[in-house]
Structures are given as structure tokens and as C-alpha cells.
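Given these sequences and hints, build the entire structure.
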Amino acid sequence: GESVGLHLPTLSVQEGDNSIINCAYSNSASDYFIWYKQESGKGPQFIIDIRSNMDKRQGQRVTVLLNKTVKHLSLQIAATQPGDSAVYFCAELPDTGFQKLVFGTGTRLLVSP
Amino acid sequence: DAMVIQNPRYQVTQFGKPVTLSCSQTLNHNVMYWYQQKSSQAPKLLFHYYDKDFNNEADTPDNFQSRRPNTSFCFLDIRSPGLGDAAMYLCATSRHGTPGGEAFFGQGTRLTVV
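Listed in order, the protein sequences are those of chains A and B.
This note's numbering numbers the first residue of the first sequence as 1 and each following residue consecutively.
This note's numbering numbers the first residue of the second sequence as 1 and each following residue consecutively.
What the hints contain is simulated information worked out from the structure, not anything from laboratory work.
There may be inaccurate statements among the hints.
Derived SDA-like pairs (lysine to any residue); straight-line CA-CA distance at most 25 angstroms [said to hold, decoys possible]:
| id | chain 1 | residue 1 | chain 2 | residue 2 |
| --- | --- | --- | --- | --- |
| 1 | B | Lys17 | B | Thr60 |
| 2 | A | Lys68 | A | Val102 |
| 3 | B | Lys44 | A | Leu110 |
| 4 | B | Lys17 | B | Asp59 |
| 5 | A | Lys71 | A | Gln58 |
| 6 | A | Lys100 | B | Phe47 |
| 7 | B | Lys17 | B | Val113 |
| 8 | A | Lys68 | A | Ser52 |
| 9 | B | Lys44 | A | Arg51 |
| 10 | B | Lys38 | A | Glu39 |
| 11 | B | Lys44 | A | Leu66 |
| 12 | A | Lys56 | A | Asn67 |
| 13 | B | Lys17 | B | Asp77 |
| 14 | B | Lys38 | B | Tyr49 |
| 15 | B | Lys44 | B | Leu27 |
| 16 | A | Lys42 | B | Gln65 |
| 17 | B | Lys38 | A | Gly83 |
| 18 | A | Lys42 | B | Thr13 |
| 19 | A | Lys71 | A | Ile50 |
| 20 | A | Lys100 | B | Arg95 |
| 21 | A | Lys42 | B | Phe104 |
| 22 | A | Lys42 | B | Phe73 |
| 23 | A | Lys100 | B | Asn28 |
| 24 | A | Lys42 | B | Ala42 |
| 25 | B | Lys52 | A | Val102 |
| 26 | A | Lys68 | A | Ser30 |
| 27 | B | Lys38 | A | Ala24 |
| 28 | B | Lys38 | B | Ala86 |
| 29 | A | Lys100 | B | Ser22 |
| 30 | A | Lys42 | B | Asn7 |
| 31 | B | Lys44 | A | Ser40 |
| 32 | B | Lys38 | B | Thr112 |
| 33 | A | Lys100 | B | Phe73 |
| 34 | B | Lys17 | B | Phe73 |
| 35 | B | Lys44 | B | Arg9 |
| 36 | B | Lys44 | B | Pro69 |
| 37 | A | Lys100 | B | Asp85 |
Have a look at this one:
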């Protein structure tokens with residue numbers, strides 16, 4: 001399944017599927033991007049990050065893709081598990097000389113067994 | 001081990017009664033942030049400290065104030081809470097200058113205004 005971010009805030013997948021969560025960012029000067037996972041009642045938890053001089057970065061079961069031409073970021077989760085159910089936020093860090101994370105609209109991922 | 005600790009986890013306050021939320025960190029990070037998060041919305045930055053330097057967001061209401069007495073602690077004061085201030089308040093820290101710039105979040109304080 002695929003989310004189109006702002007227009008589809010909930011993504012429902014079956015366990016074992018691959019999930020793709022999309023994010024459109026606003027500032028072409030942003031230098032650094034992070035994906036956070038937020039479970040119900042908890043604070044955001046770091047998943048993976050990518051700098052603007054890269055277009056792809058892989059972690060454990062997750063891959064982030066960055067397309068600076070269209071200011072688009074995506075998070076791919078392989079073999080999605082019920083424990084992946086959460087709200088996912090992308091965040092950008094403008095290269096302003098100090099740390100000021102700006103969050104995008106979240107996408108809720110629902111994984112059914 | 002928790003690195004960013006927020007107390008309390010749940011806070012109920014009366015309309016108009018001042019309330020203080022606290023955050024402490026063991027990471028020795030020089031930047032601390034307060035975010036407000038309402039239901040099903042993204043966290044919204046209220047202000048941040050770079051060391052002792054306070055930086056307010058332009059649209060943060062005057063009702064919200066903050067104190068950072070030392071590196072480890074930061075407080076959010078809401079002078080006269082309204083019903084619209086009910087939200088999850090998130091504290092985060094980061095170290096300026098690190099290659100990643102990752103921010104570490106606490107578990108949040110959920111504020112209810114009655």
C-alpha cells in the first residue's frame with residue numbers, strides 16, 4: 001500500500017506487506033530530514049535520518065528516499081509487523097545554524113495480522 | 001534508561017489556574033525544546049533554548065512561558081490555562097553541531113483543563 005501523505009492520513013496494511021509512507025516538505029533549504037514513529041501516548045521516537053546530499057539511506061527494515069527536485073521524502077518499511085502500527089512523522093531541519101525541527105503532517109499506519 | 005524525563009505524565013488543572021510542567025535530561029544537550037501536540041496533529045514548536053538563549057516562536061501565545069535554570073532542567077509555565085490548551089506537551093533535546101542533529105523526546109505530559 002502507499003500513502004499520499006497529506007491527502008491520506010491513514011495507511012492500512014496486512015502483516016508482512018511492505019509499507020510506503022510519503023511526506024512533502026516545504027523548505028528547499030532544509031538540510032536534514034528525520035522520520036519519527038509515535039505510538040499512542042508516547043513521545044516521538046527516532047527511526048532514520050537522511051542528509052540533503054543523499055537520496056537514499058537504509059536501516060534495519062526501513063529505507064528513506066529523498067527527492068529534492070520535488071521536495072518529497074518517503075519511508076519504506078519492509079515486512080511490516082503489528083508492532084509497526086503507529087503515527088509516522090517526517091521532520092525537516094532547515095540549515096539555519098541552529099536546531100529547529102519542523103514536523104510534517106503525520107500518517108497513521110495500521111497493521112493487521 | 002530514560003534520557004529525557006517529563007513530569008508528571010498526566011496533569012489535570014483548573015481553567016485559569018497556573019500550571020508548570022517539567023523536563024529533565026541526562027544527555028547534557030545544549031538545546032531543549034517544548035512542543036505542543038493536539039490530538040491527531042503534528043507536534044508544534046512553542047520555543048526552544050540554545051544554552052540559556054531563549055527563542056520564542058512567533059505564534060506562541062504569551063500565556064506560555066519557559067525557564068531553564070541549568071543545562072539539565074527546563075520548565076513550561078502556562079499562566080492561565082484555557083480549554084484550548086489541553087494537549088500533550090513534549091520536551092526534546094538535541095546537541096547543536098552534531099552531524100545528525102537528532103532530537104530526543106520525552107514521553108510527554110498530557111494536560112487536561114477542567
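The hints, checked one at a time:
Proximity of Lys17/B to Thr60/B is assessed by CA-CA distance (about 19 angstroms); at most 25 angstroms being required, the pair is judged to hold. Of the pairs offered as hints, the one joining Lys68/A and Val102/A holds, with about 17 angstroms between alpha carbons and a cut-off of 25 angstroms not exceeded. For the suggested pair Lys44/B and Leu110/A, the alpha carbons sit about 24 angstroms apart, so the restraint of at most 25 angstroms is met. About 22 angstroms separates the Cα atoms of Lys17/B and Asp59/B, which keeps this hinted pair within 25 angstroms; it holds.
For the given pair, Lys71/A sits about 19 angstroms from Gln58/A by alpha-carbon distance, which is consistent with the 25 angstroms threshold. The hinted pair formed by Lys100/A and Phe47/B meets the criterion: a straight-line CA distance of about 9 angstroms does not exceed 25 angstroms. At most 25 angstroms may separate the alpha-carbon atoms for a hinted pair to count; Lys17/B and Val113/B meet this at roughly 9 angstroms. Among the hinted pairs, Lys68/A with Ser52/A is consistent with the structure: their alpha-carbon atoms are about 8 angstroms apart, no more than 25 angstroms.
Between Lys44/B and Arg51/A, the direct Cα distance comes to roughly 22 angstroms. Compliance with the 25 angstroms bound is thereby established for this hinted pair. Taking the CA atoms of Lys38/B and Glu39/A, the gap is about 14 angstroms. The hint holds against a cut of 25 angstroms. The suggested pairing of Lys44/B with Leu66/A holds, with an alpha-carbon distance near 23 angstroms, which does not exceed 25 angstroms. A C-alpha spacing of about 9 angstroms is found between Lys56/A and Asn67/A, which places the hinted pair at or below 25 angstroms, so the restraint holds.
For the hint linking Lys17/B to Asp77/B, the alpha-carbon distance of about 11 angstroms falls within 25 angstroms, and the restraint holds. A distance of roughly 22 angstroms separates the Cα atoms of Lys38/B and Tyr49/B; the hinted pair therefore holds under the 25 angstroms criterion. For a cut-off of 25 angstroms, the pair hint linking Lys44/B to Leu27/B stands: about 23 angstroms separates their Cα positions. Between Lys42/A and Gln65/B the alpha-carbon distance is near 23 angstroms, which keeps this suggested pair within the 25 angstroms criterion.
A distance of roughly 23 angstroms separates the Cα atoms of Lys38/B and Gly83/A; the hinted pair therefore holds under the 25 angstroms criterion. The hinted pair formed by Lys42/A and Thr13/B meets the criterion: a straight-line CA distance of about 21 angstroms does not exceed 25 angstroms. Using a Cα cut-off of 25 angstroms, the hinted pair Lys71/A and Ile50/A holds, with the two alpha carbons roughly 13 angstroms apart. Note on Lys100/A and Arg95/B: the hinted pairing holds, with a Cα-Cα distance of about 11 angstroms set against a maximum of 25 angstroms.
Between Lys42/A and Phe104/B, the direct Cα distance comes to roughly 12 angstroms. Compliance with the 25 angstroms bound is thereby established for this hinted pair. The straight-line distance between the Cα atoms of Lys42/A and Phe73/B is roughly 20 angstroms, inside the 25 angstroms bound, and the hint therefore holds. For the given pair, Lys100/A sits about 18 angstroms from Asn28/B by alpha-carbon distance, which is consistent with the 25 angstroms threshold. Annotation: proposed proximity of Lys42/A to Ala42/B holds, straight-line Cα distance about 13 angstroms (limit 25 angstroms).
Between Lys52/B and Val102/A, the direct Cα distance comes to roughly 21 angstroms. Compliance with the 25 angstroms bound is thereby established for this hinted pair. Taken as a hint, the Lys68/A and Ser30/A pair is honoured in the structure, with Cα atoms around 10 angstroms apart against an allowance of 25 angstroms. Taking the CA atoms of Lys38/B and Ala24/A, the gap is about 21 angstroms. The hint holds against a cut of 25 angstroms. For a cut-off of 25 angstroms, the pair hint linking Lys38/B to Ala86/B stands: about 8 angstroms separates their Cα positions.
Of the supplied pair hints, the one linking Lys100/A and Ser22/B holds, its CA atoms being roughly 20 angstroms apart against a limit of 25 angstroms. For a cut-off of 25 angstroms, the pair hint linking Lys42/A to Asn7/B stands: about 13 angstroms separates their Cα positions. At roughly 17 angstroms between alpha-carbon atoms, Lys44/B and Ser40/A fall within 25 angstroms of each other, so this suggested pair holds. The suggested pairing of Lys38/B with Thr112/B holds, with an alpha-carbon distance near 11 angstroms, which does not exceed 25 angstroms.
Proximity of Lys100/A to Phe73/B is assessed by CA-CA distance (about 19 angstroms); at most 25 angstroms being required, the pair is judged to hold. In summary, the hint linking Lys17/B to Phe73/B is supported, as the alpha carbons are separated by about 23 angstroms, within the 25 angstroms threshold. Between the alpha carbons of Lys44/B and Arg9/B the distance comes to roughly 19 angstroms, so the proposed pair stays at or under 25 angstroms and holds. Of the supplied pair hints, the one linking Lys44/B and Pro69/B holds, its CA atoms being roughly 23 angstroms apart against a limit of 25 angstroms.
A C-alpha spacing of about 22 angstroms is found between Lys100/A and Asp85/B, which places the hinted pair at or below 25 angstroms, so the restraint holds.
Checked against the numbered hints given earlier, this structure breaks none of them.
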